[in-house]
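Asks: These are the residues of each chain, in order.
2 protein chains.
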Amino acid sequence: MSYFTEAASVEAVNARMGVQTNPRVREIMASLVKHLHSFAKDVNLTQEEWEHAVGFLTRTGQICTEERQEFILLSDVLGLSMLVDAIGNRRPEGATESTVLGPFHVANAPIRQMDDNISLDGKGESCLFSGRILDLGGNPIKDACLDVWSDNADGFYDVQQPGIQPKWNNRGRFFTGSDGQYRFRGIKPVSYPIPDDGPVGQMLASLGRHPYRPAHMHFIITAPRFRKLVTHTFVGEDQYLNSDAVFGVKRTLVAPYLRSDDADTRWHAPFDFVLAPSRD
Amino acid sequence: MSYFTEAASVEAVNARMGVQTNPRVREIMASLVKHLHSFAKDVNLTQEEWEHAVGFLTRTGQICTEERQEFILLSDVLGLSMLVDAIGNRRPEGATESTVLGPFHVANAPIRQMDDNISLDGKGESCLFSGRILDLGGNPIKDACLDVWSDNADGFYDVQQPGIQPKWNNRGRFFTGSDGQYRFRGIKPVSYPIPDDGPVGQMLASLGRHPYRPAHMHFIITAPRFRKLVTHTFVGEDQYLNSDAVFGVKRTLVAPYLRSDDADTRWHAPFDFVLAPSRD
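Line by line, the protein sequences are chains H and S.
Residue numbers for the first sequence, in the numbering used here: 1 to 280.
Residue numbers for the second sequence, in the numbering used here: 1 to 280.
Because the hints were derived from the structure by calculation, they are not lab data.
Careful: at least some of the hints might be erroneous.
Where chains are identical, the list cannot tell them apart; a pair therefore holds if satisfied intra-copy or between any two copies.
[Claimed, not checked] The calculated DSSO-like cross-link candidates involving lysine-lysine, where the alpha carbons are at most 27 Å apart (straight line), are:
#: 1; residue 1: Lys228; residue 2: Lys250
#: 2; residue 1: Lys228; residue 2: Lys167
#: 3; residue 1: Lys250; residue 2: Lys41
#: 4; residue 1: Lys41; residue 2: Lys228
#: 5; residue 1: Lys250; residue 2: Lys34
#: 6; residue 1: Lys250; residue 2: Lys188
#: 7; residue 1: Lys167; residue 2: Lys188
#: 8; residue 1: Lys123; residue 2: Lys167
#: 9; residue 1: Lys123; residue 2: Lys188
Remember, predicted model here, so these are calculated numbers, not experimental data.
Start from the sequences and build out the full structure, keeping to the hints where you can.
Replies: Structure (structure tokens):
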């Protein structure tokens, strides 16, 4: 039996967990309490600051809807989403790195043929995306599926503008043949702000941070006997590359976007993806 | 310029704060990010667990109303509220200890005369509360205000049952004279559960914890030139003393509740409060 004391606050709380508690739940909660209390002690958190935090978390929960997830946004801007992605996606040297999925993926996009154009609204600077899907030994992977999506020239995904953008604008799925090659057309993506009209936007402002993400094309690449890869390629000269609001940029994911000589394609973004084998 | 890496995740996030950031905001956010990332790394937090946490926090925010504050409840059951109270209320040896305010205080309760009965619904076991308000030297404090409140015999505060309990049931304010004495009647408080029909209740259940608080009488004691004291006295034999759901119990706040010989008062709870001087 031990009552709460400031010095032994963590032990008092964690000793309360029942003996039947799921071991993983116990591990997570014990660590959460330890770090939460260490945080409050390290900064000597005041009652007023605690009240501010309660109000912030409440507003963050209350602005959430079917279409808006402010807690994911909060996790994103604190680097937690990228950290969880990194922890869960440690890959062998040479394999293409992952980054965050983001909130705008839609399952079951139309299956397209190589060379098809996924940009359906006629806006933006046309761009050819091409390269190979390879294994760690440099061999092409057959039957790989590339599920790709980007914003349009105005910086919005189709699902953010239903009725304004054509359905499935800047989305599609492509399957490789035995040469492991992919090749499709779209637009050179543009940078855009994450939703900043809520609590998270206010927090960013108070930290002197902007809400922009550098321009990027999303990829989910799957193939039998290989690990699923969720990643982006980033437009190499983007002004926000060094200050992505959600910390999604990795050096190896910055792609060249080259001026193209092709009459109807202004840019060319070559990129090879290397998949790690399945773990089972 | 440094992109995000798992190893240097904290530095990547904290380096992003603007130079104009308020120093206290900077200190708090830097520590928060450090502890949040350490937590995720310590437990190797998975994507699925992170999604569970996002869902939990969202539900916690969305159940909040004018009358219900689930984030305060969450802070309470994690011992954070008591910790913040402890950090903000370090007092000299000999001064009565503080505990959490709780969500049921109402300002401007009716001013009563000594010996008045604050129980207006005729329920419960009558109890005499008496003692002295003293300074650290043992001298009585004149003009001290005791703002007191408790639940009724059914375990509810008046504000939880408007229209069922009389307004100001089991509440009142008392002012001491030159002898520093106080003396009022009420009921022996009863233990009660914190609201456990929401996300926090589900969390407690998954941790094998009950939602009960041991019976207690609330006090806010103020006096000119002394530090405000927010505290409870706990009923000594309560079955939940060692397992208060919000960790509010301190050894020095457990009061004797004695059988009384008085014909119309079944219990007597004597307790002296010692106030620390103001810091200014």
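Asks: Please write out, lowest number first, the hints stated earlier that are contradicted by the structure.
Replies: Per hint list: zero violations.
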